[in-house]
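Chains as they are written, first to last, in this note's numbering: chain G, 46 to 435; chain A, 17 to 222.
Bear in mind the hints are in silico, worked out from the structure with no lab data behind them. Just so we're clear, the structure is a prediction, and the values are computed from it rather than from any experiment. Some hints here could point you the wrong way.
To be verified - Below, a list of computed lysine to any residue pairs in the SDA-like style, where the Cα atoms sit at most 25 Å apart:
| hint | chain 1 | residue 1 | chain 2 | residue 2 |
| --- | --- | --- | --- | --- |
| 1 | A | 130 | G | 57 |
| 2 | A | 62 | G | 396 |
| 3 | G | 392 | A | 100 |
| 4 | G | 392 | A | 97 |
| 5 | G | 392 | A | 155 |
| 6 | A | 75 | G | 431 |
| 7 | A | 82 | G | 433 |
| 8 | A | 82 | G | 430 |
| 9 | G | 392 | A | 212 |
| 10 | A | 222 | G | 361 |
| 11 | A | 82 | G | 267 |
| 12 | A | 82 | G | 79 |
| 13 | A | 130 | G | 361 |
| 14 | A | 59 | G | 57 |
| 15 | A | 82 | G | 414 |
| 16 | A | 82 | G | 227 |
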Amino acid sequence: MSEYIEHDTQGRSVGIVVKKTFTFAESPNEMVLESGTHLGPISIAYETYGTLASDRSNAILLLHALSGDAHAAGYYSAEDPKPGWWDIMVGPGKGIDTDKYFVICSNILGSCMGSTGPRSIDPATGRPYGKNFPMVTIGDMVRAQKALVDHLGVDRLLAVIGGSIGGMQVLEWTVRYPEMVYAAIPLATTTRHSALAIAFNEVARQAIMADPNWNNGNYYGKQRPDTGLAVARMIGHITYLSDAAMRQKFGRRLQDKNDLSFNFDADFQVESYLRYQGTKFVERFDANSFLYISKAADYFDLERQYGGGSLVEAFSGAVAKYFVISFTSDWLYPTYQSRSIVQTMKKNGLEVSFCEIEADWGHDAFLLPSERLTKLIEGFLGRVHSEFRQ
Amino acid sequence: MSTLNFDNNRIRFDLQIIASWIEPNTRVLDLGCGEGDLLFYLKSRKEVRGTGIEHDEEKVAQCIEKGVTVLQGDINAEVLDYPDGAFDYVILSQTLQQVYEPAALLRSILRIGKKAVVSFPNFSHWQVRFQLLTTGYAPVTRQLPYQWYDTPNIRVISLKDFRKFARTVGFKIFKETAISIHDRKGRTVQWMQNLRATYGIFLVGK
Chain G
46 MSEYIEHDTQ GRSVGIVVKK TFTFAESPNE MVLESGTHLG PISIAYETYG
96 TLASDRSNAI LLLHALSGDA HAAGYYSAED PKPGWWDIMV GPGKGIDTDK
146 YFVICSNILG SCMGSTGPRS IDPATGRPYG KNFPMVTIGD MVRAQKALVD
196 HLGVDRLLAV IGGSIGGMQV LEWTVRYPEM VYAAIPLATT TRHSALAIAF
246 NEVARQAIMA DPNWNNGNYY GKQRPDTGLA VARMIGHITY LSDAAMRQKF
296 GRRLQDKNDL SFNFDADFQV ESYLRYQGTK FVERFDANSF LYISKAADYF
346 DLERQYGGGS LVEAFSGAVA KYFVISFTSD WLYPTYQSRS IVQTMKKNGL
396 EVSFCEIEAD WGHDAFLLPS ERLTKLIEGF LGRVHSEFRQ
Chain A
17 MSTLNFDNNR IRFDLQIIAS WIEPNTRVLD LGCGEGDLLF YLKSRKEVRG
67 TGIEHDEEKV AQCIEKGVTV LQGDINAEVL DYPDGAFDYV ILSQTLQQVY
117 EPAALLRSIL RIGKKAVVSF PNFSHWQVRF QLLTTGYAPV TRQLPYQWYD
167 TPNIRVISLK DFRKFARTVG FKIFKETAIS IHDRKGRTVQ WMQNLRATYG
217 IFLVGK
């Protein structure tokens with residue numbers, strides 16, 4: 046997902062928020078990952094907004110995408126220039142109304158935004174894990190979130206909501222812990238990556254690993270593989286947009302010049318944009334985390350893991366009420382993939398709603414201000430909330 | 017003969033008739049559900065577990081906002097994914113005249129639904145006949161308000177045609193009501209239905 050953080054246009058902000066950390070799986074109770082490796086202790090950064098109702102019927106878990114973090118809404122200080130990544134959707138009076146709901150957002154396992162990941166210190170060596178960090182899966186991320194939700198005293202979530210890799214976690218939640226999820230909104234996502242999606246991820250990973258500074262993942266305290274990570278991010282940004290979005294946003298317009306430079310400077314606005322996004326990204330993100338999380342997304346395959354090759358079988362134990370949403374111009378997770386999710390729900394007799402939102406902005410559309418998306422989420426949550434309380 | 021005023025009721029007269037045929041606590045699929053008025057009514061009055069199919073994004077959004085479960089898609093494709101007998105009723109309200117393959121759709125409907133409710137504008141209403149006879153132009157009426165070149169309606173069906181269609185395709189008609197709607201008032205039509213009814217509503221099954 047891109048950095049489209051925009052100030053709220055509707056409703057109010059949740060105001061000043063605090064990032065917290067939950068630590069579990071301490072020795073000797075390490076978490077056994079799907080790969081079989083033991084990992085612990087595990088820290089998970091999280092934030093909460095709103096108040097948990099006395100009957101605990103209003104908890105919503107937000108699940109972020111590849112480069113996201115626990116900071117979904119609000120500001121860290123009065124001087125903070127930017128709110129959280131989904132501030133347009135989360136807040137008092139907004140689509141996910143924090144006056145009504147208790148919203149939890151945690152940073153995924155393997156990330157670098159406060160949760161345990163390759164940049165964290167390996168207790169066995171006293172040095173950062175680097176490439177010794179075990180491979181984590183979407184399932185492992187969800188198990189860590191489950192530990193956090195248990196810790197917060199929530200036995201059943203009203204809803205799990207997320208887009209892209211966050212949407213994979215939504216789907217994983219509903220098959221791994223069906224009894225804990227009443228409703229689910231997977232946005233712009235898939236039950237498994239297409240070859241196209243894996244291909245883009247692989248090129249992005251190769252860009253990082255080809256950077257001499259990457260040094261087999263052992264670069265902490267030294268020169269970071271910024272060039273490789275920036276290129277990886279540039280590739281990502283191409284997949285998050287669309288032909289139409291790029292045509293509208295950039296066309297062939299030149300950046301701060303009237304004519305071609307006849308060298309390899311950023312002549313075109315689109316070049317300049319990608320370079321800027323790449324440079325900005327390296328300031329906040331860890332290259333190894335990018336490798337691990339993108340690989341986890343590529344490994345994600347619900348039909349193989351839960352259905353022996355059948356997606357219908359994979360969802361045979363699910364009970365959630367689903368609302369699947371896709372976007373017309375999303376070519377990373379195209380609508381046909383959402384439709385196959387919907388088809389599976391229908392075959393399993395599950396309650397499912399589906400809407401394909403007309404949007405030019407490609408995969409990133411789920412993060413951009415959209416009155417349509419806001420109303421859809423607000424309407425669906427309103428219904429399931431009243432049903433859940435009965 | 018009953019006369020009901022629209023203003024006193026939240027849903028259209030034809031939808032009220034359909035709703036009266038649906039047993040409480042049943043599973044209902046509404047094909048071409050529009051903004052979900054019927055499903056909302058059935059859910060709030062009869063505790064029906066309903067799903068709608070609608071191709072228009074704006075109408076789908078209206079459904080979601082009122083708390084109706086809805087899938088955006090094409091009815092001919094969407095009916096294929098459901099298991100046999102997934103619904104107690106499948107409703108095809110005022111859409112049959114727009115369906116490209118009505119027999120195939122009816123068979124699908126009766127595979128996934130135990131019963132079906134089908135309603136359509138009656139093309140043999142006297143106004144339609146009169147217009148064609150006297151003016152020589154393709155009829156344009158309140159029920160069929162389109163010019164021939166911009167109409168979504170690709171089939172012309174009369175009440176008698178539908179009864180014959182049932183025999184040909186091989187399904188039973190359990191119940192039927194002919195209605196006439198004029199000036200926002202609806203009433204049932206008891207005699208000379210094929211001539212006097214603007215709409216036919218049929219409860220069918222295998």
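What are the numbers of the hints the structure violates, in ascending order?
-> 1, 5, 9, 10, 11, 12, 14
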